[in-house]
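With these hints in hand, go ahead and build the complete structure from the sequences.
Numbering of the sequence shown is given in the numbering used here, commencing with residue 19 and proceeding in unit increments.
In short, the hints are calculated from the structure, not lab data.
For each label pair, taking beta carbons as the anchor points, the in silico distance ranges come out as: (1) D285 <-> F464: 20 to 30 Å; (2) L440 <-> L370: 11 to 21 Å; (3) A176 <-> A290: 50 to 60 Å.
All C-beta atoms, glycine included, are put in the ideal place defined by N, C-alpha and C.
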Amino acid sequence: MAERNRKILFVTPPYHCGVVEVAGSWPPLGLLYLGAQAERAGWTAEVYDAMTLRHDYKKIKKHLEQTDYDVLATTSITATWPDALRLLELGKEVRPGCATLVGGVHPTFCWRDILKEPQSPVDYVIIGEGEIPLYEFLSRFDDTEQRHKTPNLAYSQAGELVANPALDFNDDLDALPVAWELLDWTKYKYYVIPDSVLGAVSTSRGCTHGCTFCSQQKFWEQGWRGRAPKSVVEDIVYLKKRHGVNVFLFTDEYPTYERDRWEELLDRIIAADLNIYILIETRVEDIVRDEDILSKYRRAGVVHVYVGAEATDQETLDKVKKEITIGDSRRAIELIAEYGMISETSFVLGFLDETEESIERTFQQALEFNPDFAHFLAITPWPYADFFDEVKHAIAVEDLSQYNLIEPIIKPDKMTLRDIDLAIINCYRRFYMPKILEFARDSDPFRRHYLMASTKLIMKSSFLIKKFAKVGINPLAMMSKMLSD
Numbered sequence: 019m020a021e022r023n024r025k026i027l028f029v030t031p032p033y034h035c036g037v038v039e040v041a042g043s044w045p046p047l048g049l050l051y052l053g054a055q056a057e058r059a060g061w062t063a064e065v066y067d068a069m070t071l072r073h074d075y076k077k078i079k080k081h082l083e084q085t086d087y088d089v090l091a092t093t094s095i096t097a098t099w100p101d102a103l104r105l106l107e108l109g110k111e112v113r114p115g116c117a118t119l120v121g122g123v124h125p126t127f128c129w130r131d132i133l134k135e136p137q138s139p140v141d142y143v144i145i146g147e148g149e150i151p152l153y154e155f156l157s158r159f160d161d162t163e164q165r166h167k168t169p170n171l172a173y174s175q176a177g178e179l180v181a182n183p184a185l186d187f188n189d190d191l192d193a194l195p196v197a198w199e200l201l202d203w204t205k206y207k208y209y210v211i212p213d214s215v216l217g218a219v220s221t222s223r224g225c226t227h228g229c230t231f232c233s234q235q236k237f238w239e240q241g242w243r244g245r246a247p248k249s250v251v252e253d254i255v256y257l258k259k260r261h262g263v264n265v266f267l268f269t270d271e272y273p274t275y276e277r278d279r280w281e282e283l284l285d286r287i288i289a290a291d292l293n294i295y296i297l298i299e300t301r302v303e304d305i306v307r308d309e310d311i312l313s314k315y316r317r318a319g320v321v322h323v324y325v326g327a328e329a330t331d332q333e334t335l336d337k338v339k340k341e342i343t344i345g346d347s348r349r350a351i352e353l354i355a356e357y358g359m360i361s362e363t364s365f366v367l368g369f370l371d372e373t374e375e376s377i378e379r380t381f382q383q384a385l386e387f388n389p390d391f392a393h394f395l396a397i398t399p400w401p402y403a404d405f406f407d408e409v410k411h412a413i414a415v416e417d418l419s420q421y422n423l424i425e426p427i428i429k430p431d432k433m434t435l436r437d438i439d440l441a442i443i444n445c446y447r448r449f450y451m452p453k454i455l456e457f458a459r460d461s462d463p464f465r466r467h468y469l470m471a472s473t474k475l476i477m478k479s480s481f482l483i484k485k486f487a488k489v490g491i492n493p494l495a496m497m498s499k500m501l502s503d
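What follows is the structure, given as structure tokens:
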């Protein structure tokens, strides 16, 4: 235990790119897991969600000045790294004696680059799964020698970079506490559903597949661990009864991996009779596999399913090791609609061999798949993904804040970045304009409201307005005109 009551301040980087924030304000679940470990170590923990509060650096600095913290911590993906770095710089400026700590996917793989920078504001990086290492770090904090023996910890000492051996992944995810009370849950909304409170629950960690463009399979070393359904439902019931949460995002990449576990989870949620909405991400082959229990998805409250189609020709899918078939993608989207759920998928553009013709084929396939919502994304080369080495020579953008799946980063052999950007805009325009009238005429009242509300949010999102402005289009005005006509 810590010798005296110290404080750790967790802050979310104030990064905004439009895509993530279109539909809701998302709770930083990972920080609640970490906050629980801080409390277990005898520390006071605070989560300051600057991203959700939409605080700029002036407001962030004011908050830092009003808070007495010994450790300032944040987590980061690649796109948020410049803001995370600025955040830690500001923390050091306000309290030069504090220790700064960062974790997450980007620091896990790029810790050497982060720590070797002259005058880096980063004192420590936790590599990989962070809960137990954070507990050890804070428990040993007052003894610097012992602190520096913390597992999974990387730091610079006398000009030398040090990375301590990592712990094995924790197999008992149910034993990890979550500090639910560190958030003001009234700040978290799912804008599509009126009067909602949005919560986040993790039912598992990891993915067993090896998609070359993905960071998650590397972070979790292509392993998967599931929580007990009973434990997951206990979290859901607690959040519903204690904080009024009625919309739940399952944050894991692959909650359906083990069919028996997944079906038991659905059964337990149904039995609890909670009247909630659930949003999930999964793989197309699991939707096809689960055709006989998809009615349970809907009865449990699953209303929105994201599946990654990514590409529309088998050769590209095989090249990026997606391990799905075109047929499964098509069938999964059909089944999601058949059982009254909202389907969402993504199509990736901008591969090295991309051409105007290949983009048109992708678009036509998107129309054939006919999901409710489609995202046309620019392929993004995370610096640590297997895909990175293949395309390193074609990377045309170094600003990591642009690595957000919106801005083209790779220059294809036969196209320019602007060509890809305009193609993305055109795909969105051609896909959604006909959808608007289709949504407005949907015979299911829930689907009609959900689809129209979501489309309005997409059309007024900052990233789409910015994109459409390049070709002189106001998407929201265009939508209003179509509906009035």
